[in-house]
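A.B. asks: For the protein sequence lines, the chains are A and B, in the order given.
Quick note: the first sequence uses our numbering, first residue 984, plus one each step.
Quick note: the second sequence uses our numbering, first residue 902, plus one each step.
A couple of the hints might just be wrong.
Said to hold, decoys possible - Quick list of in silico lysine-lysine cross-link-like pairs, DSS-like style, CA-CA up to 25 Å:
| hint | chain 1 | residue 1 | chain 2 | residue 2 |
| --- | --- | --- | --- | --- |
| 1 | A | 1103 | B | 1049 |
| 2 | A | 1072 | B | 1131 |
| 3 | A | 1035 | B | 1049 |
| 4 | A | 1081 | B | 996 |
| 5 | B | 1077 | A | 1035 |
| 6 | B | 1048 | A | 1022 |
| 7 | B | 1125 | B | 1136 |
| 8 | B | 1006 | A | 1081 |
| 9 | B | 1048 | B | 1131 |
| 10 | A | 1100 | B | 1077 |
| 11 | B | 1048 | A | 1081 |
Rather than coming from a laboratory, the hints here were simulated on the basis of the structure.
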Amino acid sequence: METVKLYGAWPSPFSYRVIWALKLKGIPFEYIEEDLSSKSPQLLQYNPVYEKVPVLVHGGRPICESMVILEYLDEKWPQQPLLPSDPYKRAEARFWVKFGEDRGPSVWMIYRTEGEKQEKARRDALEMLTILEEHGLNGKKKFFGGDNINIVDIAFGGIAHWMGVIEEITGVKLIEDNKFPLLKAWMHNFKEVSFINENLPNREKMVAFFRARRSMILSSA
Amino acid sequence: MMRRRRRRMTTRLPTTCSLPITTTEPRPDSGLITSTRNQELPPMAETLTLLDYWPSMFGMRCRIALREKDIKFEYQEQDLWSKSPLLLEMNPIYKKIPVLIHNGKPICESLIIVEYIDETWKGKAPLLPSDPYERAQARFWADYVDKKIYEGGRNVWSTTGEDQGEAKKEYIERLKVLEGVLGDKPFFGGDSFGFTDIALIPYYSWFYSYEICANFSIEAECPKLISWAKRCMEKESVSESLPDPEKIYMLLLELKKKAGK
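Work out the full structure, taking the sequences as your base and the hints as a guide.
C.D. replies: The structure is reproduced here in structure tokens:
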């Protein structure tokens, strides 16, 4: 079997999407940790367009962009499918993935800004979470994928683990006590799944890292 | 001085926003859709409607995909300044076109619609390659078009002075990246017209507007890309789906006037 390598970075939720997919499907891989402040020549060679992680290298050939990687994994290793087989349900799943890609950055904007810009980002993030609660999770079972995790759950994994860290560091609360019951239940269910639970960055380490980085971002703004 | 080039296209859409709506009566045997017989189809009254807006690059992608596969559909022109109840019902989250409605069920987002069309009507003209690695590359580059080409173009026509100069430079750089990916191949997918071609070719109808607004020639900067575009335009599915670039320019002037620019 051709070797599978994953270039990732421990603070990155995008890297974790690929780790979760690889673990779910039982695909053996070699993980290479990238220092994003000093990117390796290999990373720059494999991803010249964006120079970002994650990059999957299979048999020496690179695939970039986490959701493109996930669809690739699903096609090469069909066990434990990430996407349903019905074309309409696939289109629905892809829609939610795209929604996450389009609106997810608002949460990171809360982290990267302060004042008015942060307030706008907070409103955008709340709108996204409301849509997820009312349209995405409404009528669903435990997960977006039904009884089991699918590509949409993995795509939103950042919300389950990284969003809380951002809330803590910035003091901007998004998931307030009685709001978003479906989302809260989903976040809990998601992190309970063994292959997710065993593959999450340490929360304290995350808080320290992101707190320091936020200071740097704000001081250079 | 910029020489105004008249680009001849085989099909011209009218200047008003209403397009002739093509519908086909349900046939007693297989319904509305022309499709391969080995597909599981409901026996009667299959419907396929595309909610669209004539200058939209995103809408054009869907039209091309449907025509590549010879699929009959109903085109419904939308007024984006006064959105129809149907559009709001079918795309409540984004309230945008294009929306493909298949037997009453909506599919939104142009590239998702194109993949849906490819997966539902497998018999003719595959739009994505069969090899998973090639499919990943096609998706990556279509995503690049979404991330870099739409906004890049908008920056070119909507800015002035120094900002526009910067926007032009940036835009050409991005087009050159795509030109590099194309290389000497006839299409992005190789010998066959496919997903990445479909993602990018609609922008060709907007190039004329960018060139006039910013006084430059895309062909001079990216000749291979323009050769590729003209090659795509030889396909009926493309030439029938892209509006006259001059009509797009007229619309742009109208929009700019309304915005007071």
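A.B. asks: Starting from residue 1006/B, check that the Cα of residue 1081/A is at most 25 Å away, please.
C.D. replies: With a Cα-Cα distance of about 18 Å, the restraint between residue 1006/B and residue 1081/A holds, given a limit of 25 Å.
A.B. asks: Between the alpha carbons of residue 1048/B and residue 1131/B, is the straight-line distance 25 Å or under?
C.D. replies: holds (24 Å)
A.B. asks: Below or equal to 25 Å on CA atoms is what counts here, so check residue 1072/A against residue 1131/B.
C.D. replies: violated (36 Å)
A.B. asks: Hey, residue 1125/B versus residue 1136/B, does the alpha-carbon distance stay inside 25 Å?
C.D. replies: Roughly 18 Å separates the two Cα atoms, so the pair holds.
A.B. asks: Between residue 1081/A and residue 996/B, does the CA-CA distance stay at or below 25 Å?
C.D. replies: holds (15 Å)
A.B. asks: With the threshold set at 25 Å, check whether the alpha-carbon distance from residue 1103/A to residue 1049/B stays at or below it.
C.D. replies: holds (24 Å)
A.B. asks: Regarding the pair residue 1048/B and residue 1022/A, is the alpha-carbon distance no greater than 25 Å?
C.D. replies: Answer holds: residue 1048/B to residue 1022/A is near 23 Å, not above 25 Å.
A.B. asks: Within a Cα-Cα threshold of 25 Å, do residue 1077/B and residue 1035/A meet the stated pairing?
C.D. replies: holds (21 Å)
A.B. asks: Is residue 1048/B close enough to residue 1081/A, meaning Cα to Cα at most 25 Å?
C.D. replies: holds (12 Å)
A.B. asks: Are the Cα positions of residue 1100/A and residue 1077/B separated by 25 Å at most?
C.D. replies: violated (34 Å)
A.B. asks: Hint check: residue 1035/A vs residue 1049/B, CA-CA at most 25 Å. Holds or violated?
C.D. replies: holds (16 Å)
Hint compliance for this structure: hints 2, 10 are broken, all remaining hints hold.
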